[in-house]
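Here the protein sequences line up with chains A and B, keeping their order. Heads up: the first sequence at position 149 corresponds to 149 in our numbering, and the numbers run straight through without jumps. Heads up: the second sequence at position 286 corresponds to 286 in our numbering, and the numbers run straight through without jumps.
Everything labelled a hint here was simulated from the structure, so no lab data went into it. Fair warning: there could be bad hints in the mix.
Copies of one chain are not kept apart here, so a pair can be met inside one copy or by any two copies together.
[Claimed, not checked] Result set (DSSO-like, lysine-lysine): computed pairs, CA atoms no more than 27 Å apart in a straight line:
no.	residue 1	residue 2
1	K280	K115
2	K67	K77
3	K74	K280
4	K85	K74
5	K85	K115
2 protein chains.
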Amino acid sequence: MTTYVIHASCLPWTVRKNPNKMHQVQVKLAERSYPIFIGTRTLDGIATSLGELLIGWSHTVIICDEKVAQTFGKTVKDYLNQTNKRTSMLIVPSGEENKSIANLSQLWSQMLEEKTDRKSVVVAIGGGVVGDLAGFAAASFTRGLRFIQVPTTLLAMVDSSVGGKTGINLPAAKNMIGAFWQPHAVWIDTSTLDSLPDREFRSGLAEVVKYGVILDESFFDHLEEHADAILARKHEHIQHIVRRCCELKAQVVSQDERETTGLRAILNYGHTFGHAIESKTSYGRFLHGEAISIGMTMAGQLAVRLELWQKDCQERQTALLRKFGLPTSFREVPSEQLVVAMQMDKKTEHGRLNLILPTRMGNVRTVSNCEYADILGAIYGNAT
Amino acid sequence: MTTYVIHASCLPWTVRKNPNKMHQVQVKLAERSYPIFIGTRTLDGIATSLGELLIGWSHTVIICDEKVAQTFGKTVKDYLNQTNKRTSMLIVPSGEENKSIANLSQLWSQMLEEKTDRKSVVVAIGGGVVGDLAGFAAASFTRGLRFIQVPTTLLAMVDSSVGGKTGINLPAAKNMIGAFWQPHAVWIDTSTLDSLPDREFRSGLAEVVKYGVILDESFFDHLEEHADAILARKHEHIQHIVRRCCELKAQVVSQDERETTGLRAILNYGHTFGHAIESKTSYGRFLHGEAISIGMTMAGQLAVRLELWQKDCQERQTALLRKFGLPTSFREVPSEQLVVAMQMDKKTEHGRLNLILPTRMGNVRTVSNCEYADILGAIYGNAT
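Only chain A is shown next, with the shape it has when bound in the complex (with noise of 0.2 Å):
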């Protein structure tokens, strides 16, 4: 993984043109290896870049919800247009309980109506649901096609779209169906999420914690001291956040694309606990974030219970989450109803529980062989 600074010197005329600098990292994925450029007020550029990144383009079809389409979603179809390239617009409905077999086929069936063939791409414009969606529905079209991700979420912007995971819900199991498939590139303009609700960028900020916790503790520390910055969007703290969490996950999707070393696993911290959450109150009591929040939460007490990690650490990771306005505990399910859900994860292997749970404050290791009676009690336990 590499990051750079671009100077403006060395960029092409539309990026020039953008008084702000633009990062860029790399995922490196040998002949799958895409740029993720981040920046502030860039999607002016994105027509240009996209043509310089995509041989044989022909066609756009730009995928969002209603509100992105009336936004964000115009912008970038606007710029689109200045090109020579027919652009198609496909809205989909909006809340994760929307990237279902039904939406998917909806997608399908209108991306033939709107001609679209192995020299058309899919920008994808929007959060977490929106990418996924869209992402699989450019996995699965034609056997595979070219896409974007244009990330608006702060969820999205430093998780769903780095890494190639696109898919849909089965309504008993979450993401079970989809794709590893790689997009072309991914296009974050951080001012984007200045018209984010406060909830949904909360939420967000549960997944930067999480690289903290996984994956490096100095991180972990710049989230404790800067928390008020960070939460008052400030634009300095908001593109360094984003960007050092793109680089720990390009860093890892580098090494494990199809989580098949275990590595990439570990991005899945308190997941399993979130997922079962998400699942039992039907995707519609908590944003993803938030039901991940309470998973890391459990996580910890289950690590704490089994002396793999320390009291004083898990009283961090709560003290954070709750700073950020993010809920650490979560009662309404009875304990044993949520072990069933969490059985349906991905990484349950011969009917087994493989849990990601942290050690020290910057690492996580793989456990396998939880008794069942300490999950039920991290569960039940007060959030510490």
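We have chain A already, so just place chain B on it with the hints.
Relative to chain A, chain B alone:
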């Protein structure tokens, strides 16, 4: 591509029990390389051979149709039951019209109910419909499971089971949704053809003839010379033609896995016409090979019109297809409608048809600038 005869002394014990030699053709795709095993009465060896190939295999999902479930499916299940692995069997309806979103969706739900996870292996037993559908279910469940193709029709043996093309149809376009997802092995037992209905056997021969026309003149000569023995399904002849087709397909797929260089597209000879014929007759009137036989005849006629190939070559192709009892003309749908349906083809770029046309026996090329009038003329033309 390598072909070699494995002598009994070099084989693991279960295969050694088999009195017949097994041939092995290797599809070379770096870390996605896999063997095609070709033999007669070899199903008894499948469990042990797969055990050697599949590290960490814990559960098998056999996918087949109702009829196969009672014959080869049951045989394979019995052999697998002798191992210590859990085995599930899922039944899908047969027929091209069942390669649908509804059936795929049902498979996904059943796989979840059967507690399928990343250590599970999908074994697709049957013809192309089952292989394509089961292959895409394997490709997409938990973003990718290992799978094994056990083709039991001639068409599936020589074509659809090799090369990793999986997928389903949209109502208006065949194979529009899917993935390139390579199997971990293809297991061909030619004795499964003994009970294949005559019409289906002949349908498979259309793809066999195709390999001669596009890649191997001497193989075409061989088919002409031994047509009667082939129609009589003499085992040594069937093994020979299956092996040669697999060798040719493996060669092409190894060089152009994802149809990006144009080489793999030659396997689609006759298919742009053929798919349109299948679509306009709602996939119910012709078997796939029958539609491809008509499609090859139309493509050949177009090539004659364009003075790309000689009339006597076209006559040899038509004569061999007819000798194999295959249809070579179709006039019930107006040509204009057929051309519209042809434009749904995945090889269409910038709205322009790319057609694979023969130039001499054993050779084809891609032609992208055909006049509309010539295509119409070829469709109306007599089968010469």
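Do the hints match the structure? See the list:
1. K280 to K115: between (39 Å within a copy, 18 Å between copies)
2. K67 to K77: within (14 Å within a copy, 52 Å between copies)
3. K74 to K280: Neither way: K74 and K280 sit 36 Å apart in one copy and 38 Å across, limit 27 Å.
4. K85 to K74: within (16 Å within a copy, 54 Å between copies)
5. K85 to K115: Within one copy only: 13 Å inside a chain, 46 Å across chains, cut-off 27 Å.
When each numbered hint is compared with the structure, a violation occurs for hint 3 only.
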